[in-house]
Amino acid sequence: MLEITGLSKSFGALQALDRVDLRIQQGRIHGIIGPNGSGKTTLFNCITGMLKPEAGSIRFEANDITGWKPEVIANRGIRRTFQAGKLIPGMTVIENVMSGVNDPVGQVARDAAFRLPFVPSRRESEIEDRARRILLMVGLELSASRWASDLVWAERQLVQIARALIAEPRLLLLDEPASGMGTKEMEKVEEIIRKVREMGVTVVVVSHDVKMLMNLSDWVTVLNFGERIAEGVPEQIQKDPRVLEAYLGIE
Amino acid sequence: MSLPLYYFLAITAVNILMSWALYVPYRMAHLHFLIVANMAISGYTAAYMVLSLHLPFGLALLAGFVLGAVIGFAVALFIGDAPTFAVVIVGFTFIYITRTVIENTEAVGGTMGLFGLPNIGGSPSVHRWTILAILYGLVALVGFLIHRFDHSQLGRAASAAFIDKDLTTSLGIDIKKMGILLQTFSCTLAGGCGVLYGFIYKSFHLDYFTFHVVGILMTVIFVGGYTTLWGTLLAAPVLYGVPLLFPPEVASWRIVIYGALLIIVLVLKPEGFITTRFVYGIESFLSRKRGKRTPLTKPQEDV
Amino acid sequence: MEVFIAQVINGISLGSIYVLLVTGFNLLLLVAMIIHFAYPQVVVFSMYIIWLVLEVTGNNLILGALAGVTSSILLNLISAPLFQKVMEKRGEVDINSTMVMSMGIGMIITDVLSHGFNKGHPIAFPDTLAGGEAILRVGLISILPGQVSAFVVGVIAVSGFFLLLYKTRPGRAFRAIAEDPNGARLVGIPLLKTGLQSYALSGLLGGLIALLLAALIGSASSGLGEQVALKVIAVSIIAGLGNLVGGLVVGLSLGILEAIVQGYISGTWSNAIAFVIMLLVILAKPTGLFGLKL
Amino acid sequence: MASNDQTRAHADSQQALLTIENLSVSYGHVNALKHANLQVFKGEIVVLIGANGAGKTTLLETALGINTPLSGAIRFKGKPIGGAAVDRNVRAGICLVPEGRGVFASMSVLDNLLLGAHNNMKNVGKHLQRVYEWFPILEKRQDQIARTLSGGERQMLAIGRALMSSPELIMVDEPSIGLAPIVVNDIFNILRMLNQEGYTILLSEQNANKALKCAHRGYVLETGTVTLSGTAAQLLDDPGVREAYLGA
Amino acid sequence: QDKVVVTEWQIPFLNCLTGPLASHGSMYQWSTNQAAADINKAGGIAGKPVRVIGVDTANDPQKGTVEMARIVKESLVALGPVPEPVIMAAMPIAVENQMLSITGTTSYEYASKFFPWSVAWFPPYPKRFPPLAKAWAQEFSDMKQVIQFVEPYGPWPMMADAHVAGLKEAGANVLKPIEVPSDAVTFGPLVVKALEQKPDGIIFACNAEKIAKMIKELKSRGWKKMDHLLVFSSGDDAPLYTVGGEDINGIQVYNYVNPDTDSPRWNAFKSAFMKDHNGMPPFSLSTNYYDALFMIKEAIEKTGVTGDPSKLKEERKKIADYCANVKKFQGLMFNWDMKDGVPTNKPLYIFEIQGGKKKLVKEIKLAG
Ligand SMILES: Nc1ncnc2c1ncn2[C@@H]1O[C@H](COP(=O)(O)OP(=O)(O)OP(=O)(O)O)[C@@H](O)[C@H]1O
Ligand SMILES: Nc1ncnc2c1ncn2[C@@H]1O[C@H](COP(=O)(O)OP(=O)(O)OP(=O)(O)O)[C@@H](O)[C@H]1O
Ligand SMILES: [Mg+2]
Ligand SMILES: [Mg+2]
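These protein sequences, in sequence, are chains A, B, C, D and E.
Residues 1 to 251 (the numbering used here) make up the first sequence, in order.
Residues 252 to 554 (the numbering used here) make up the second sequence, in order.
Residues 555 to 848 (the numbering used here) make up the third sequence, in order.
Residues 849 to 1096 (the numbering used here) make up the fourth sequence, in order.
Residues 1097 to 1464 (the numbering used here) make up the fifth sequence, in order.
Note that these hints are calculated values from the structure, not bench results.
Small disclaimer: the values here were computed from a predicted structure and weren't measured.
Careful, some of the hints might be misleading.
[Claimed, not checked] In silico lysine-lysine, DSS-like type, Cα no more than 30 angstroms apart, as pairs:
hint	chain 1	residue 1	chain 2	residue 2
1	E	Lys1264	E	Lys1294
2	D	Lys1058	A	Lys184
3	A	Lys86	C	Lys639
4	D	Lys882	A	Lys184
5	E	Lys1209	E	Lys1461
6	D	Lys974	C	Lys721
7	C	Lys839	A	Lys69
8	D	Lys882	A	Lys188
[To be verified] Computed, partial: chain D to chain C, Cβ under 10 angstroms:
hint	residue
9	Leu912
10	Ile914
11	Val938
12	Arg939
13	Leu944
14	Val945
15	Gly950
16	Ser954
17	Met955
18	Gly964
19	His966
20	Met969
21	Met1012
22	Ser1013
Glycine residues also receive a C-beta, built at the ideal position from the N, C-alpha and C atoms.
The following block holds chain A by itself, in its conformation from the complex:
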């Protein structure tokens, strides 16, 4: 569904991504691991159009999306979360989730402007219902009307996921969704990611929690210094000597 070939990106002298090839198959949970600074977030940034890669191409479904604008890519069905939970503090949780849906600007403006007074927008209430359902799914239904700035770290991550999901993406990129979480929360996140997959969304997860990632993923890619050093099913990866050396450490 997503096919990356020869993707390169450098910052000055630093080669953050070096001719990375990656195939992400429909319906899978695809794990990406790699030491710090190996280019995982950069890879996400390239896929979502926030950085312009220097070389290589990214194909999503039928289109070559290399160099597209981030908002266009997001609306084509690729959504992401951020490593540091970025929420909008001045809005409530449910509004934050609802902010994930964004129709074209003109269409929204029309929806807002050309309606009789006191007629609620059908689109708007539909979005709200969807937001509620998704909050229920991530287990935050009771927090719907809390202010985003009052949330703790773990909850922020969940809201981020919910916000990405409400747009019904076909590909979801999660950047360390479980970082800073305790075992219990982590299990919850794991469960949520599985549910997401059941909804038919392909998921790419970056995480440093090897145990969770290996449990979860159907396929794992390992990056190191911007290069792909290994790829395979989790069991295989866990035994790969290069991975052991570069990432897992030999215990």
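We have chain A already, so just place chains B, C, D and E with the ligands on it with the hints.
Chains B, C, D and E with the ligands only, in chain A's frame:
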């Protein structure tokens, strides 16, 4: 209606509309002072149309709106997604350039200004009621639109853009398009306001459109609160009206009072007097009274 | 050629006013994250204090200078807690809030000056402050001591503060506090003390600038601050906010540009032309020619 | 860990480096800490385990003086420090590596490190060398602006920065967040090494396994109260702890 | 005369008491207060005391209009407004409500728009300035080329145009004027540009502070013939002297006020003014406001205005009509004749400045 009340109401309405024109792009952190230049450009053009070309007021007003929209749109094509500072400075720069152009344009009175705008509908009282009707009609309409906007996808998108650009684009929002929409909207409004402003005064002078307008608008929007439209709506008449009631000795320190108020509000209540939380609190209170289902915004006790 | 040289020198002299003010403005930005939109007004306020003391003491230059510097420092220290309070709830928002707040301060200063000092009339400084006779006069070319000192001090201030901020321990601490006061506490920087130091330092510079402007311009009016404020901010943005060296280059260039336009093209259009050029630069490169330094 | 008993015996014989007694802290109506007690002895690694929102960060921050306690006492080397200014405590020898990569985002890596040594510029060169040895990647990124560091690099920078002041007590808030396992191992190794050099370490962790393995003693924090404490070995064996924090 | 019904005549004065022009406003205010005091000392207006009520417009049209709308409800007549933007915004209200408002600052070009509800305090430019400029230029035999510094503000460009006509009559070659940007801080570039064209004389039509600075620049670049510099009337203002200091010695200014007039009334006014203004002699606009209040007094007394609210409309008209065509009105400086709101016999004076004092050079009578 008494004359002072008319002027008070009319100028208040312009201040409300103009503060809203400032408010709308500021939702995405664009402090867009271009609107003041727009007021001048549209106002002078309309005056020229009425005085020299003898066109009817309605047409001139329409032209004001259109001109505002066109200029706003053209500029927004460049700064629709620019950082705050760039927007601020572009606005100020435009004010300067506009001034210079008007100064040197004899057809609109140059540095002397214009006088003799006719009463709409002939008699002074018809004129006044027409102006008020148009102004408050606009206030209602624009307030309604902004309220809609704030509670729509666009409002949420603007809030996101206020915080973080990357976040916003990752939500599938075309910042530039949104910036163009908001800026054009506010410039359109400002264009119309400029025409009406002139027809309130029945005259034009360059100094109607300078930094004191900017000062008033800034005070209104930041003291009232820049997170909802209600703060502006309340602050505009209060900030403009209350000093008129001061005795002369106090009133002569009006600017100092404005400045001090601005500082106090920023220090004690940086989001202004009326905040979203406050409004949501009231909304949920009202709807609870009316026995509706609890809105999404009901504050909830933390555990 | 003579005229051209004279105009360039005029431009540099005008440019040094911008450079001095931009440097003070940038310093506040760097050490306290304040967009001090009304910085020129604050400087003009100090100029008025200098004038007042000169009047009272019968043109005692030393006391005047001292008073200017002290008042500038005091003003900074008084406004510091206010800005700090605004910065406490920091986020992307608050750099805008400091801008608005400083506009409030500017409104107050201008108004107080306009009917609190000298009955609102412009003030004039004694010629002795400017340092007397022209250093050089060839035909239309003329260089006054005040112009030279403003330019020289401008250049020295820029390089001095550059070194201080980027190469020394206190400078690092200033920047750290500006960026994240809580983080600065974590590394053991005493917030209050260091904060006050940085404010006092920028106050000191403010006083110095006031003195130099008094010598260079020779007079001041309540509206002087507002007159130059916009250009100062524009210069700072074009150079890249917080970029000291950029401010020097752009400030001087703007001065020269204005002088050339006024001298060869048109006086009334000179602002418009300067602003159109600035506008184009900003539209083309919103983060400034020399990059943000925040 | 072999040296556990020995250290304990050693520790008992002397005054505690950090003592927290009956500490309560609240944020408005949220009581983040309720009568918490804790002691850290010189030369120890003590780990604080607790779920999200248990109050670990609050405890560490209060010890440094960022929050003012509602009640209770904090003593460092016998002297009460509750309510003292943060910078005084830092100069007295406590430091905190904040949770979530709190570095000066607009400054270079080197500037960040030098800021860490703000109060201790004597041996800057040496300390810098040592930090670069532990985190070679930081040396490579020396002139990069911290904003553009990867998440993990920032975490390393935060720890490196704290070490620059060569403190007596290092408090580390969840060091493993967002770090690759190999780096986490490294960090725990470094903490252990630091400990052997004589530093005392107080550590908060949610994923307690590795932390407990390198620590001498541990405290379990639940909704603001210390519910369990003991040597690392005891906690590792405790069925409750195993169930809740070790995911076994 | 019918019975006067008021116990006190209250004359509102829409003035800029705060804001950037507050210094001027306070001087105007001083004059009206002085006039009121003098009138009251001599028995008031029709036997009743008069009081001038200062209403601040703060140079702000928004404030000015509301204040004017308030005043216009019950006042017989008003003073002000000041300054231009407020005049433009607020005068239409006075016109619509048919109340005379005397702006002592307005020249014919402004006032004529609002006639008959405003009177001009100065005759039209084409009438008064050409003779003046001509007389000045003819005074010097070496006056071959003249250049003007013109700031684009209010009527100044028009005034400068009027100078040109007179200069041409005197046979001088008028060079292209130097435009002075209103926010200029330093004046080197402008002065160099002017000197480059080698003028023999210079006329300044700008703000007083700027004129002073430009004269300093001229001197520092070797300008010697100080009396070949002429400052126009609005420039003869306090800042010219405070900022100019010693450097303006010898330059010429023109103006409507001759401080050396010798009449008891003038002398009393002058010494009171100097006492309250650090020894500074009066400037033209202040005398206008002094005169304005007296003119109102005369109008009320001569036309039998009673102040009766029910006759407001007709009494307003009476006052306006009287002022517009007043004859032989005894002003501070000279006796006015007005025709249709325009003074017909207002003299102009050219002075030379020496040590901050003005020495009369010439009096110029209006042509026609
Ligand atoms: N804007 C930038 N400018 C310069 N260097 C950058 C920039 N963004 C990232 N880098 C560098 O690129 C490298 C890859 O960064 P990236 O954020 O992709 O790492 P990562 O794999 O996500 O690491 P982590 O697991 O620690 O989050 C890092 O060394 C980082 O310092
Ligand atoms: N600034 C604050 N304002 C209000 N409540 C707060 C604040 N900081 C923390 N809290 C609350 O205090 C409690 C303890 O928080 P603390 O951050 O100390 O927990 P923690 O154990 O460090 O959790 P985590 O593992 O998520 O970092 C939580 O319920 C949290 O919501
Ligand atoms: Mg990353
Ligand atoms: Mg914590």
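Flag every earlier hint the structure violates by its number, smallest first.
none
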